[in-house]
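Undergrad: What follows is each chain in one-letter form.
2 protein chains.
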Amino acid sequence: MLFTTCKENLEEKLNTVARIVPTRSTTPILENIVIRVLNGTISILANNSEIYMQTTITAMALEDGEVAVNGKLFSELIRKLPANEEITIKTDKKQLNIQAGKSKVSLLYMDTKTYPEPPSVEKKDSITFTVAGKLFRKALQNTIYAAKKTGDNTAFSSMNLVIEKDKDNLYLCSLDGHRIAKNYIQLNRSKKECSKECNIIIPINTCQELLKTRFEEMEFIVTKNHITLCSGNFMMISSLIAGQYFDTSKIGIDNSLCVQVRRQTLEDSISRSLVLLNEKTPLRIHIEQGEMVLSYYSNNGKLNESIEIMIDDAKKTLEIGFNPVFLLDALKATEEDTVNLNFKNATSPCIIQNDTALHIVMPVALKCEAA
Amino acid sequence: MLFTTCKENLEEKLNTVARIVPTRSTTPILENIVIRVLNGTISILANNSEIYMQTTITAMALEDGEVAVNGKLFSELIRKLPANEEITIKTDKKQLNIQAGKSKVSLLYMDTKTYPEPPSVEKKDSITFTVAGKLFRKALQNTIYAAKKTGDNTAFSSMNLVIEKDKDNLYLCSLDGHRIAKNYIQLNRSKKECSKECNIIIPINTCQELLKTRFEEMEFIVTKNHITLCSGNFMMISSLIAGQYFDTSKIGIDNSLCVQVRRQTLEDSISRSLVLLNEKTPLRIHIEQGEMVLSYYSNNGKLNESIEIMIDDAKKTLEIGFNPVFLLDALKATEEDTVNLNFKNATSPCIIQNDTALHIVMPVALKCEAA
Numbered sequence: 032m033l034f035t036t037c038k039e040n041l042e043e044k045l046n047t048v049a050r051i052v053p054t055r056s057t058t059p060i061l062e063n064i065v066i067r068v069l070n071g072t073i074s075i076l077a078n079n080s081e082i083y084m085q086t087t088i089t090a091m092a093l094e095d096g097e098v099a100v101n102g103k104l105f106s107e108l109i110r111k112l113p114a115n116e117e118i119t120i121k122t123d124k125k126q127l128n129i130q131a132g133k134s135k136v137s138l139l140y141m142d143t144k145t146y147p148e149p150p151s152v153e154k155k156d157s158i159t160f161t162v163a164g165k166l167f168r169k170a171l172q173n174t175i176y177a178a179k180k181t182g183d184n185t186a187f188s189s190m191n192l193v194i195e196k197d198k199d200n201l202y203l204c205s206l207d208g209h210r211i212a213k214n215y216i217q218l219n220r221s222k223k224e225c226s227k228e229c230n231i232i233i234p235i236n237t238c239q240e241l242l243k244t245r246f247e248e249m250e251f252i253v254t255k256n257h258i259t260l261c262s263g264n265f266m267m268i269s270s271l272i273a274g275q276y277f278d279t280s281k282i283g284i285d286n287s288l289c290v291q292v293r294r295q296t297l298e299d300s301i302s303r304s305l306v307l308l309n310e311k312t313p314l315r316i317h318i319e320q321g322e323m324v325l326s327y328y329s330n331n332g333k334l335n336e337s338i339e340i341m342i343d344d345a346k347k348t349l350e351i352g353f354n355p356v357f358l359l360d361a362l363k364a365t366e367e368d369t370v371n372l373n374f375k376n377a378t379s380p381c382i383i384q385n386d387t388a389l390h391i392v393m394p395v396a397l398k399c400e401a402a
Numbered sequence: 032m033l034f035t036t037c038k039e040n041l042e043e044k045l046n047t048v049a050r051i052v053p054t055r056s057t058t059p060i061l062e063n064i065v066i067r068v069l070n071g072t073i074s075i076l077a078n079n080s081e082i083y084m085q086t087t088i089t090a091m092a093l094e095d096g097e098v099a100v101n102g103k104l105f106s107e108l109i110r111k112l113p114a115n116e117e118i119t120i121k122t123d124k125k126q127l128n129i130q131a132g133k134s135k136v137s138l139l140y141m142d143t144k145t146y147p148e149p150p151s152v153e154k155k156d157s158i159t160f161t162v163a164g165k166l167f168r169k170a171l172q173n174t175i176y177a178a179k180k181t182g183d184n185t186a187f188s189s190m191n192l193v194i195e196k197d198k199d200n201l202y203l204c205s206l207d208g209h210r211i212a213k214n215y216i217q218l219n220r221s222k223k224e225c226s227k228e229c230n231i232i233i234p235i236n237t238c239q240e241l242l243k244t245r246f247e248e249m250e251f252i253v254t255k256n257h258i259t260l261c262s263g264n265f266m267m268i269s270s271l272i273a274g275q276y277f278d279t280s281k282i283g284i285d286n287s288l289c290v291q292v293r294r295q296t297l298e299d300s301i302s303r304s305l306v307l308l309n310e311k312t313p314l315r316i317h318i319e320q321g322e323m324v325l326s327y328y329s330n331n332g333k334l335n336e337s338i339e340i341m342i343d344d345a346k347k348t349l350e351i352g353f354n355p356v357f358l359l360d361a362l363k364a365t366e367e368d369t370v371n372l373n374f375k376n377a378t379s380p381c382i383i384q385n386d387t388a389l390h391i392v393m394p395v396a397l398k399c400e401a402a
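Protein chains in written order, with the numbering used here: chain E, 32 to 402; chain V, 32 to 402.
In case anyone wonders, no lab produced these hints; they're calculated from the structure.
It cannot be assumed that every hint is accurate.
Since the list gives no way to pick out one identical chain from another, each pair is judged satisfied if it fits inside one copy or across any two copies.
Said to hold, decoys possible - Pairs of lysine-lysine, DSSO-like flavour, derived with a Cα cap of 27 Å: (1) 135 with 227; (2) 121 with 243; (3) 144 with 179; (4) 311 with 375; (5) 363 with 133; (6) 155 with 398; (7) 346 with 243; (8) 346 with 281; (9) 243 with 165; (10) 38 with 154; (11) 375 with 124; (12) 311 with 243; (13) 243 with 111; (14) 347 with 375; (15) 363 with 124; (16) 111 with 311; (17) 311 with 38; (18) 144 with 347; (19) 133 with 346; (20) 363 with 375; (21) 125 with 38; (22) 281 with 111; (23) 135 with 333; (24) 121 with 179; (25) 111 with 165.
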């Protein structure tokens, strides 16, 4: 194998692909990336058994071949090579030789025979859709917070990605038993799209990788057990999680008590209560006579703040408790300056809704104590 | 106790003082700061048993008193209060009440009776000196790297601060058995200074606190067991470490082989070898025929780089090994673009010296292997 390339291009592609390579794996071959020169095309592949990535680099291919080389070492080394130098990469019998100017570095390589094959994607019954990258990442960011952070790959530790045919929309949804986040985005209709419906569960690690991408347009192909992202020469395949997710489409919004509040003011108040956070004391919200009072008690001290609100009927009253962290997360994922908090009673959730998102936070029982 | 102040002033002073408060301490009272209102002056005190700090804030004192309140909680809370609001701080029988606009927060406070007294500083035989803050911090930064990072408060885990009378200089020195760093700075002679000599050992935690200060001029008072830093209303007292430090004043510089090299080039080469770092393989430097070749071998791979040098006599040769991390640290603490590396032989240290600093790195034995 022999090729020459410029540092910047190689470094950029490695940043994307080598990121998923585990530092320590029970299958040591997975700590490697594969560099492949075939018919003038130079590709870099990585596989961490959940996600597979592949990209090509702009380079001058001089001799075919492929090697597996430690992903972290190789990308760290390329990053530290002198800038603006041409890099020559060449294999001999034992080593991968990297030369840039007066720097010569050799790394041991492994045979690619034992490197796992990319997942075989069954093209039958595939569903294809395209979204604007920026829009997708923003919606994903504002949804992912509600996903369970445990990391066990069961249905509820993960994000749910739903496409509904009739509205040409993509629904991103996550929940952890205490809260639900749901965001809608319009599909990109410029390309010929498949209009079939699908309902898949994507592992949270894949979602986090998707957040790190920088593509303007993202084309997804959903097959039976995999989701594939294609963009130019880049391809990423992730396994899906089997199972049925909670059906969030039938959630009814009861807005018998609707309160309008400046988001930043409420966020600031809640973040002050978090300073006192201790044990599992709930944040108490009291609405009466057109006024909203937040109060919080813990071993560390107490907090009491009145917040300006707009309410449809000043006679309505409510006393309700929340986990302040969950309420703050939901507010932060809302992008408007003014938000509507919809309540029903002390045992029903707080619902924040707008044209493109829905955030639901379950209340916490309040003890009958007062300060 | 009752006073009003603006958020920004209080926050700034808390940032300095509350930093040294431990989050968890076996003496729980030390997790507190003391707020004291006395004769119209409002002071904040902190004490972590090694360092004592005291500062005053600009505020309107309305009622004398003093309380001990959790340092982390209080400063975090003040930080999160609404900006540009006047803060009223008032004690009742049980609580410290903080009010800013519509925010009311109460924290539990403790009696200050059990709070440790500031160290009693024996003024007799004190030595006073003043240095420019920026100069002092830069010299400290370029010295501290060589101090042992173990944290046990013995003489060699710490920084050594020497004043020599004859030259009106301050010498900062640290060493860890493998390397020595020494920086000289001129004392500020604008104030009446004591010209006595002293030789003290300052704990590394105190050095790190000194690095974080932002004072233009720093006045130090050295007494038998303490060093005191005064600047305006701010005062910091640190205990000193008993013991005699290694006498670095008698180190002779043998420059029988002097090599001039571009610092950045050498730093880049060494940092590439660090990518391959594994076990305790030394970095090999080979000088022959007016050329310097760096090479490094490990389980991960090997590196070979030739570096341009200026040498007085091209006939001189040397083969010497170093811990690459230690050599890199010494180079980074040197501020010139071109550095002189002084060698004697393979068992003598590499010495980097200029007008204000001295860095010594001990070599490592090389095995007779070659690649």
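Undergrad: Please sort residue 133 with residue 346 into within, between, both or neither, judging by C-alpha distance up to 27 Å.
TA: between (80 Å within a copy, 22 Å between copies)
Undergrad: At most 27 Å between alpha carbons: which applies to residue 311 and residue 375, within, between, both or neither?
TA: This pair counts as within: shortest intra-copy Cα distance 23 Å, inter-copy 66 Å.
Undergrad: Is it within, between, both, or neither for residue 38 and residue 154, if the alpha carbons may be no more than 27 Å apart?
TA: Neither: 36 Å inside a copy, 62 Å across copies.
Undergrad: Check residue 347 against residue 375 for me: Cα-Cα at most 27 Å, and say if that holds within a copy, between copies, both or neither.
TA: This pair counts as within: shortest intra-copy Cα distance 11 Å, inter-copy 88 Å.
Undergrad: Pop the pair residue 281 and residue 111 into one bin, within, between, both or neither, using alpha-carbon distances up to 27 Å.
TA: neither (54 Å within a copy, 39 Å between copies)
Undergrad: Given identical chains, is residue 363 near residue 133, meaning Cα to Cα at most 27 Å, within a copy, between copies, both, or neither?
TA: Classified as between; 22 Å across copies, 51 Å inside a copy.
Undergrad: At most 27 Å between alpha carbons: which applies to residue 375 and residue 124, within, between, both or neither?
TA: neither (73 Å within a copy, 40 Å between copies)
Undergrad: Using 27 Å as the alpha carbon limit, work out where residue 155 and residue 398 are close: within a copy, between copies, both or neither.
TA: Classified as neither: same-chain Cα gap 56 Å, cross-chain 62 Å, threshold 27 Å.
Undergrad: Could you figure out if residue 111 and residue 165 sit no more than 27 Å apart (CA to CA) within one copy, between two copies, both or neither?
TA: Neither, since 31 Å and 31 Å both go past 27 Å.
Undergrad: Check residue 135 against residue 333 for me: Cα-Cα at most 27 Å, and say if that holds within a copy, between copies, both or neither.
TA: between (63 Å within a copy, 8 Å between copies)
Undergrad: For residue 125 vs residue 38, is the C-alpha pair at or below 27 Å within one copy, between two copies, both, or neither?
TA: within (23 Å within a copy, 65 Å between copies)
Undergrad: Treating 27 Å as the Cα threshold, decide for residue 363 and residue 124: within, between, both or neither.
TA: neither (55 Å within a copy, 38 Å between copies)
In terms of the numbered hints stated before, the structure departs from hints 1, 2, 3, 6, 7, 8, 10, 11, 12, 15, 17, 18, 22, 24 and 25, listed from lowest to highest.
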